[in-house]
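There are 4 protein chains.
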Amino acid sequence: MLKAAIFGASGYTGLELLRILANHPDAKVVEATSRQYKGTPIPEVFPALRGFYDDLLFSDPEDLGSVKADVAFSAMPHGASQDVVPELLKKNRVIDLSADFRLHDKDTYNAWYGEHKAAHLLSEAVYGLPELYRKDIKGARLVANPGCYPTSAILALAPLAKKGLIKTGSAIIDSKSGVSGAGRGATLATSFVEASSGFKAYKVGSHRHTPEIEQELTIAAGGQLGVRFTPHLIPVSRGILTTAYAELNRTLSNSEMRDIYIEAYSNERFVRLLPDGSFPDISQVRGSNFCDIGLFIDGSRVTVVSAIDNLVKGASGHAVQNMNIMFGLDEKAALFTPPLSI
Amino acid sequence: MLKAAIFGASGYTGLELLRILANHPDAKVVEATSRQYKGTPIPEVFPALRGFYDDLLFSDPEDLGSVKADVAFSAMPHGASQDVVPELLKKNRVIDLSADFRLHDKDTYNAWYGEHKAAHLLSEAVYGLPELYRKDIKGARLVANPGCYPTSAILALAPLAKKGLIKTGSAIIDSKSGVSGAGRGATLATSFVEASSGFKAYKVGSHRHTPEIEQELTIAAGGQLGVRFTPHLIPVSRGILTTAYAELNRTLSNSEMRDIYIEAYSNERFVRLLPDGSFPDISQVRGSNFCDIGLFIDGSRVTVVSAIDNLVKGASGHAVQNMNIMFGLDEKAALFTPPLSI
Amino acid sequence: MLKAAIFGASGYTGLELLRILANHPDAKVVEATSRQYKGTPIPEVFPALRGFYDDLLFSDPEDLGSVKADVAFSAMPHGASQDVVPELLKKNRVIDLSADFRLHDKDTYNAWYGEHKAAHLLSEAVYGLPELYRKDIKGARLVANPGCYPTSAILALAPLAKKGLIKTGSAIIDSKSGVSGAGRGATLATSFVEASSGFKAYKVGSHRHTPEIEQELTIAAGGQLGVRFTPHLIPVSRGILTTAYAELNRTLSNSEMRDIYIEAYSNERFVRLLPDGSFPDISQVRGSNFCDIGLFIDGSRVTVVSAIDNLVKGASGHAVQNMNIMFGLDEKAALFTPPLSI
Amino acid sequence: MLKAAIFGASGYTGLELLRILANHPDAKVVEATSRQYKGTPIPEVFPALRGFYDDLLFSDPEDLGSVKADVAFSAMPHGASQDVVPELLKKNRVIDLSADFRLHDKDTYNAWYGEHKAAHLLSEAVYGLPELYRKDIKGARLVANPGCYPTSAILALAPLAKKGLIKTGSAIIDSKSGVSGAGRGATLATSFVEASSGFKAYKVGSHRHTPEIEQELTIAAGGQLGVRFTPHLIPVSRGILTTAYAELNRTLSNSEMRDIYIEAYSNERFVRLLPDGSFPDISQVRGSNFCDIGLFIDGSRVTVVSAIDNLVKGASGHAVQNMNIMFGLDEKAALFTPPLSI
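Residue numbers (the working numbering), protein chains in the order written: chain A, 137 to 478; chain B, 137 to 478; chain C, 137 to 478; chain D, 137 to 478.
Looking at chain A on its own, in the form it has when it is part of the complex (with noise of 0.2 Å):
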């Protein structure tokens, strides 16, 4: 039995991690850490795992020296990370589900998040997006785990780059994620009151997963891509849509289309291909960690519509995923569950 511990798990990738680890046949949650809530039994702050986690309290992140387990999820706020994934891989290998590793390049990083404290991992760290790093992913200490905007747009778009297909500049990636993607704590701009009955476009040409997507693609395609990125809030507390924009360098059939999609996916277990006609919707992949995609194609224009669960394919699913990978288990353990769609 592999044991987990979880640093910041009182967030709702906190919460998701040990949601989706109480049915893992082979791995069992062993702490969760929490400063807000130290010493306070699980359900007392998440009373739906009454009856999981009855036992466990949720203990204090100063104590990280005492920690025996095989794998550490830090599910703390991008910032925080990086102060004590140094320390945590002293004794484990470590799943990072914050923003803080998934960049390349220190500039980059500099740029929009602020001065890493911890640079010097930059380069150790694997991008934990299975469907591209799958074998880097199986030797890998350190795994940064995609953030959600980029998992659906690279997702959606990654087929095409690799081919080579995508005009520079033309890739534009229209984003809408549930509220949950704004994390646990309290805002007025994430209050029911304000959004239940808003849709709304927030950082418009300066969001954060914007490099991020970048790299990626970039790396796919092979060359400076040049993607443009909108997100929008929805009024749901789970599930992103991306609909990304490209032109290719020529045309191409329905059929050609497709079968690229096919190549790149049809031995992925979570990336469900659309058929003809048809396109996801967020409620489909509900609690999942699938990722449904659908393919529209006039001439050179494609639009690809991928739809994700932020909080499981988007964040702490497809940490689980990247852990059974990491530890040899049955990659779909615990994860290939239906999506809850009603």
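Keep in mind that the hints were calculated from the coordinates and are not lab data. One thing to keep in mind: the hints can contain errors.
No copy labels: a pair is met if it fits in one copy or bridges any two.
The list that follows gives simulated cross-link-like pairs (lysine to aspartate or glutamate, DMTMM-like), each with its CA atoms no further than 25 Å apart [as the list claims (entries may be wrong)]:
#1 K253 / E180
#2 K164 / E467
#3 K174 / D412
#4 K303 / E383
#5 K468 / D162
#6 K339 / E180
#7 K227 / E467
#8 K468 / D191
#9 K468 / D272
#10 K303 / D434
#11 K339 / E392
#12 K339 / D434
#13 K303 / E399
#14 K164 / D466
#15 K226 / E383
#16 K339 / D412
#17 K468 / E180
#18 K299 / E392
#19 K339 / D395
Following the hints, complete the assembly by docking chains B, C and D onto the known chain A.
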């Protein structure tokens, strides 16, 4: 043109006063205070109001002395309102939307809310429910605007109480409120993610609106009634539905019961009695000052269902109705508009 | 591997059976009928199930005779279920999710639902509430799966009823249900636009679940109880919260009341008794088979609040729990998973 | 007092016309037809309107000849509207809310909607967007009220198009609409349970509003633009947010771009240009006739975000604005009210 000032105008009842008064033919807002936003143009805080209050800045509540208005609304929280109301009364007639002047009995106030700092005004304040106290409101210097839950509960049961029909100890008020009732402060419990898929009872047996409901139904009945009150949280922004149960002293036919309500409300423009077999839906009063009421009787057991918009008839619309009465304006002015039902 | 057939599998209880059984270690669905969708692969109708039932087509319910299964679930509407259950019983043990076999008294059934066409089975059918009838369920040939509202109401009050503590005529069941309780048929009242900002009482004093609640609480109490039941519609997909009020024959202390519930439920894995002062929220049981219960007493007046997912503990999860009991499987199999609380 | 008749008044645009005109100082509804509800008082169908149209019954659309009105609104579906409009025009000036008279080119209409039965009126009909065609509307006998998506898209991009700045083939209209856009007919896809946790793209590359957007942006630009249009469904009742992308022929500074929009809209009372860095939210225009617009430019790439209430500025409010213009009334009458933002 009546000049109105709003103290504590940056919460939801303040926003709602601004919204309603923007279309008042005979009144205009000349001052709106906010400690947090002082100096900021109103539309920067409330973008919906762009085009209506473009030249009005939130002012500092400390500048109380400089206000030149005919009527002052206090939309401050309970406890804070009693600090400013005595001062406001020196120059203005006052409508207080907090709980501070609703209870006639100082000891009851102190027991539920803590020590009152302006208890000498309790006997003067008029409980601002026009359907019961229209005449007193007309001449009042200080109107205590009713609470949202009490408005729905009192309008539901007062007609029966006034006839002395309700058996002591039998009244149960099962109320359900939208999230805006909790105010504009950001909290985890009222965040979108926590509230949007939930429904719960809260403060079972201990909500502060209990003594207010008891006071008014006891006055109506001419003797102690002993209500049980359970509030619940609905995942909508606006609306309160109250399902009120009581056992009567004797059986009534359906039409006898209906006649009692017709007698009570046939001249009331904001109470709409629904036909037999019809029951209210909060969506049908949304954004409006109406209270819809549906009736059911089975022998001596009655079920009365009432619906209001908690921010309008449950707060700011009610307050404007009181202003209209106090100043001899058309009682319906700015208020008689169709609900936004969808 | 137990073979399960689902009749009427294209509604929400059918979808939910498919969802839950997809992860059952000891049972699998071998047949799912749908008149409307016969011949269509399940994932075309329910895209969430893509990857799980890719090779299973909805079959024609007319082909009843050819089914080879160990257990048959009937997820057909009341009235229709009684047409097929007698036939199914010739070859299978049957769990019926409709209302057709829940009432023991034929006249009561006829009065509320119309003439019963298989009334001879009423005396044989076992009411499938494991917390009350586990032993009978184990040996049953026909289990009548409880209604959603009754499950929440009976689990809330049965412990007090069994102690003979509830005063006749005092019980009030104020229940609130998510929209999925109305089924998958498209109606104006359950459309998004009509329901999403609404909350209403409906069928006041006349809902068909009333006799079912009365039957079971009367059996528990050993004498007629006379409940009043008011259902309401919450703008969420899933969940029922029941606020049950009763007057007791005598006063109880808080701990005496708690002990009664501990005695009743301490061995039940799917009933979670909340600590003093805590009350359930439907979000905390969503997607799960749990029933959460919170208690309040003031002298002889009790308020018990219960929460279930109407599609799981209120329907399909309950049915799988019954299947597990009937066939000697682990009662928790496929069911003991954490709720999707956000 | 202007007399208005509404044909097909029992859908959502009909309800919205009734709601808005209830408070019009210079117009009143004298007739409202509905095949389904003929003979029924309006408040029985729309309980929100109780107190406003208590004496008006839905009339039979067959009695077309007897209508005595100054203006007729046709709120019938496309295809049906063209059957009645020629008849209505014999006696009334007509505002048609369907798609039937929006396209100037008969062949385009036929290609997207099927054979037009009153194509001779296409050349006479004025496209009812006051911000572009106010003078023509003033004198029009037949106004084709714009579609909801086109209103948001055209107001977003027309100022740039009119300056000839948009590069051909570069415009992408990514629009998101609330569910009321689908109308009042009950369908599975627009049921609460299916829609409330979902978000999806639909009719990718094939939505019928595409030629309407193209027509108007092409006229504005003075040459074919070639837009790509993707509609999505938001789980809210009301609101459209359009995120429009385009590549310009040359770079513009932020203030140059802003000046173009100020020039276009500074005299428009229903278009609100948001400050730099602010972007619209559909909640801030809900229930109102406003279109809020936010601007972003990076070199030659622009992102323009617009928000309207699809039932008001996207339909019935727009229609009343057109009526006000046609009859020389205050253009703001009945329309200049603050949004119900929460």
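Inset, instruction - Any hints from earlier that this structure breaks? Give me their numbers in increasing order, please. - result: 1, 15
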